[in-house]
Amino acid sequence: MRNGDTVVGEVVGTAMLNLFAGTVSNVVDPARDLGSRIVRAFPPIPNQVSSTQPSEQPKG
Numbered sequence: 001m002r003n004g005d006t007v008v009g010e011v012v013g014t015a016m017l018n019l020f021a022g023t024v025s026n027v028v029d030p031a032r033d034l035g036s037r038i039v040r041a042f043p044p045i046p047n048q049v050s051s052t053q054p055s056e057q058p059k060g
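Going by the working numbering, the final residue of the sequence shown carries number 60, and the count climbs one at a time with no gaps.
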């Protein structure tokens, strides 16, 4: 009985670890994607503002 319980415990433990690792990666990967998208999205905005303002200011 003890051997069977330890085997079942190991199987359940590894399954739980795999599920936990999977959920962590499922949460971390979209967070990284969002972070990279935010980093990509925000720097062009000040660049566009700074590049459009000088072109708008000298009108002649």
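These are calculated hints, taken from the structure and not from any lab test. A portion of the hints provided could be inaccurate.
[Claimed, not checked] Here are the in silico distance ranges between beta carbons for each label pair:
1. 6 <-> 32: 30 to 40 Å
2. 7 <-> 27: 45 to 55 Å
3. 5 <-> 25: 44 to 54 Å
4. 40 <-> 6: 44 to 54 Å
5. 34 <-> 12: 46 to 56 Å
Don't be surprised by glycine CBs; every beta carbon is placed ideally from N, CA and C.
Inset, instruction - Please write out, lowest number first, the hints stated earlier that are contradicted by the structure. - result: 2, 3, 5
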